[in-house]
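Asker: Here are the chains, one letter per residue:
Protein chains: 4
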Amino acid sequence: MIIVMNKDAQHNEIENVLMLIQKLGLEFSILKNENNTVILTQPSYDINSELFKSLPKVEYVVTLNEDYKLVYKNINNLETKIKVGDVVIGGNELTMIAGPCSIESKDQLFRIALHLKNSGVKIIRAGAFKFRTSPYSFQGLGYKGLELLKELKEETGLMVISEILDHHDLPEFEKVVDILQIGARNMHNINLLKAVGESSKPVLLKRSYSATLKEFLFSAEYILMGGNKNVILCERGIRTFSDYTRNTLDISIVPAIKQRSHLPVIVDPSHATGKRDLIIPVSLAAIAAGADGLMIEVHHTPELAYSDSEQAIRLEQFDDLINRAKKVAEAVGRKL
Amino acid sequence: MIIVMNKDAQHNEIENVLMLIQKLGLEFSILKNENNTVILTQPSYDINSELFKSLPKVEYVVTLNEDYKLVYKNINNLETKIKVGDVVIGGNELTMIAGPCSIESKDQLFRIALHLKNSGVKIIRAGAFKFRTSPYSFQGLGYKGLELLKELKEETGLMVISEILDHHDLPEFEKVVDILQIGARNMHNINLLKAVGESSKPVLLKRSYSATLKEFLFSAEYILMGGNKNVILCERGIRTFSDYTRNTLDISIVPAIKQRSHLPVIVDPSHATGKRDLIIPVSLAAIAAGADGLMIEVHHTPELAYSDSEQAIRLEQFDDLINRAKKVAEAVGRKL
Amino acid sequence: MIIVMNKDAQHNEIENVLMLIQKLGLEFSILKNENNTVILTQPSYDINSELFKSLPKVEYVVTLNEDYKLVYKNINNLETKIKVGDVVIGGNELTMIAGPCSIESKDQLFRIALHLKNSGVKIIRAGAFKFRTSPYSFQGLGYKGLELLKELKEETGLMVISEILDHHDLPEFEKVVDILQIGARNMHNINLLKAVGESSKPVLLKRSYSATLKEFLFSAEYILMGGNKNVILCERGIRTFSDYTRNTLDISIVPAIKQRSHLPVIVDPSHATGKRDLIIPVSLAAIAAGADGLMIEVHHTPELAYSDSEQAIRLEQFDDLINRAKKVAEAVGRKL
Amino acid sequence: MIIVMNKDAQHNEIENVLMLIQKLGLEFSILKNENNTVILTQPSYDINSELFKSLPKVEYVVTLNEDYKLVYKNINNLETKIKVGDVVIGGNELTMIAGPCSIESKDQLFRIALHLKNSGVKIIRAGAFKFRTSPYSFQGLGYKGLELLKELKEETGLMVISEILDHHDLPEFEKVVDILQIGARNMHNINLLKAVGESSKPVLLKRSYSATLKEFLFSAEYILMGGNKNVILCERGIRTFSDYTRNTLDISIVPAIKQRSHLPVIVDPSHATGKRDLIIPVSLAAIAAGADGLMIEVHHTPELAYSDSEQAIRLEQFDDLINRAKKVAEAVGRKL
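Residue numbers (the numbering used here), protein chains in the order written: chain B, -3 to 332; chain R, -3 to 332; chain C, -3 to 332; chain H, -3 to 332.
Just so you know, these hints were derived from the structure itself, not from any lab. As the structure is a prediction and not an experimental result, all values here were calculated from the model. Treat the hints with caution; some may be incorrect.
Pairs count within a copy or across copies, as identical chains cannot be separated in the list.
Taking lysine to aspartate or glutamate pairs in the EDC-like style, the calculated list, with each CA pair at most 16 angstroms apart, reads [as the list claims (entries may be wrong)]:
hint	residue 1	residue 2
1	322	150
2	190	162
3	225	326
4	49	151
5	197	170
6	254	273
Build the full structure now, drawing on both the sequences and the hints.
Answerer: Given below as structure tokens:
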């Protein structure tokens, strides 16, 4: 804090301030000249600056927080690279994660996954436990879905990422998935964040559609505090007044995170736009902005998908995306 | 759904549509004249209207959902009245819930609660488990806090409401609290919603600061589906671009909910505004708009509060609020 | 500004900062102790603090702006009362402004206005020049509408307020209207603000649906700078993600403005909600929150109105509103 | 409109609906079977569907608007290409518009413009009349600024774009500028839109930071209706809760406009982000998403700029941007 005393502040009024500082256990330093007095204290997290504002003859109180510690770029500016099998997330090569929104059946899962494998995808996304706004919507296959993911891995060698909704499911997830996904609506679920923070599996953390950049990084901090250093941040659109897309992709957050944090950032254009026809241009934009990868919803017959059918792209659109994304990746000095 | 066929639609194109309808198991009805054909189907929750839009010669598809069933006002228009001890929430008399944001110590809790009891409050709010954006902020006393609430009840006869963050804590909460509180960040925590839906305790459900009215009612529907009919809805402000308050109180939602649902609605002006000096006028506005009660953060020395100190009102401000609220309540035909 | 130098700052680095301050013509004051140096400068409007941030060994730069001068409450805390005929806006008595959205015909205008006169309304709102999003919508009667307003005044003794869209129409408006209305979409139209700032007519300034509180007060400042002290601020809802109302009424701004400014504040629940059935409860809330008046759209057959038909209340609803508003006004120590 | 009658509707209730349709002068068509009646009417712009909803036994009324006519892609899918001197906006080659936010002096304007000319820029942006939120901020050089632009053109052969705030300044602007700029705060200034709609100069229309896609296209429609076909749309960020950037760039609007309209779209990353360090990655993203060009604020000493100094990039940053943008343009099949 910087506490600026009024010019008319008397000795006892300055003393008042110093007594409160001492009561709160803070170190401080006083600066004076013939007219003014300013008191600097050490940075402090939970001190309420209003406490000081209400003391007599205190003119301004300015708080200077250094909020997150582990998420921030460290001094030697190293970026975190996350190894998942033979894939490195956060390095020069971009990571493409793709697959259906929900696992609907073995047939559907394998059909989509095998096509994607053929197109070069190594990590399949597929939801077993689904968050749905309406209790009357399809809620996912649950543990049955996890089993299908396990079969997929064994039969194809693909890796998988799937969303965990409850920290009590963690042991079951850890047996199957290669990356744990925390969904946007759970970005603030602290018990879940703490639980995956103690897991040995990498975590993909989606930004809540109403989270500020700071809140997003704080949620990552909760995970890192548990010892899990392998966190991938994922932008998936924010809620705004704009109504022609499902959400509004906040593209600037990609370079903004890169400036602040050592963690890799990927973009999910499917949830950001909610519109199949916008996925490709927005994906290219994400790569150009510096994203370390993409997460895309793909379905062989989107119109029949059990969930998010308006935003899943078709298999052949995915191949088109890959071809175009390679060129943009190269244009910004990356590989895909 | 209403499916309007193009004027040029041929017999086989209409057949196509009907086959898909039958495949999906929907009842339907055809309307025709010399120029046009329109097909009406029964209402259906999870059918994807895009499926039909892509068929040849389909001009428009209009979906008519009736989304929530249990939350909606029933035919005889009865409003839900929730009995908690000798308090009725949702009746003619307004309910005043007040207390500190966090339980900090026995002394703090009792001091505030006893003052409020004296002022006529019968239900004390006080957080034991706290959601905090930063992992470095005070996270609440946890189970120790629940114990203090139990002591408070035993020694004073007051009732208590406290926020539950994890459904695995439910048995412990049920031993102590009179109302379970679901916080704004957990409005989408389906496991938690389902768990409290099976509890015998009333539930106060806070609107997420980024939830639409429809999403808010859907979350309540999750609880009602479990059999728990005693849900109190709580508006606490939404996140907007406006920056002079912590959130923006969406005052219109009070009458808008009343028009749609039988559930009682209360307002939390503390989180909505985040500013002590705005609490009283906004509280009066909530009552005038038809709220069934208020939930207010109160502290004997807000500047020293461990959390939310800028929005807690002082004990004497609370008494002032009560006096003024009584008059406004009377002006709109209610009692406090 | 407060400029805090790094502990390692050398004499010449401090000199650098002082030279820039002097170049910019600012007075300053230096505070020092054995470890730190802090430089305070006089408040300054257009100085770019980044200029200082980029100098070597400057640790923090804090700007302390006092932005608006004329809009702010003056030292003796007097509130502005605006006389319009025998009405005083901003005093103890609330002001009710009502009328149709658009003037459609003499018959329509007189029919509504005479009913409202009978119900005690003294100031009629009615649009002659209409802003419409679509160029294909009804754009108002224009000058013909102003003539009808003039006839209305002459025949009934009522006063009128109407929106001006272009500063070149000011002379024609000044001949007719008692209050000039600046619409939400013109809150940033500086030429218009400057023009009405030189008028002798009071001005009702609507908040843009995307304006912060600060921007709203700055627009009022533009008017006051021209010499026109009679500005009425009008909250009419902001644009948010919430979708069950046309806009979201920001009710807290009523007391927030009262805390900062001496100008009267009224609320327009018609545009804020866009829903006929929400007007009455929201109007009562506005009064309870401390508004100095209301501006309400009324129509004898809203379904046939040329514009804003979903938000106009019926004549009999208006009378119901008046009766209920009187009671709430009294409950908060005001009169209607 | 599609009007669906209730199953119990009697002959006279259907007649009621038809009479109203006829009164409104609409063509219609009736569809019936043994159970239901549906009435289809011709599309209609200003008919109030509520009018029908309130009639007895009307179950649903669905409106199907085709809102804008001139802005929409025409049947043969041609895109508008706008010729400004030897530059074509909207073709395969991207257009780079750059320059200072405000004209501060001849020296400043020429220094920046000559550097940019050297870097291949052909159209210079520079504000003579500035919109400023605070009346105490620098408001631009006004007509003196226009004169400097004229000198710049004569001495360098560069073309210029500058913002017009008031339609009465149009003759003076037409003497100087090659493209008229309508700023975000004037997107709803209908008199200004109509005036430039009758000009022979191309118009760059910025999206208001609170405009939906539909409102943005409607404002362009106002211009096209006047006969001016040469409209360039410019996305420059929308106002959201997100607070680490000045606005939130709505990147998806680029392909979304391309799907709907034949008009070229450019992106202004300077206002969208408000942060110098985000300009380059966001510019590359805009090109990858399909933008037809960029408009960038550049200054030789941004820290000393009179306005928008935090978002202007340095001259050498601009050259870096050009080099990188060329590669991304090529990757998406365009040229720069």
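Asker: Of all the hints given earlier, name the ones this structure violates by number, lowest first.
Answerer: 1, 3, 4
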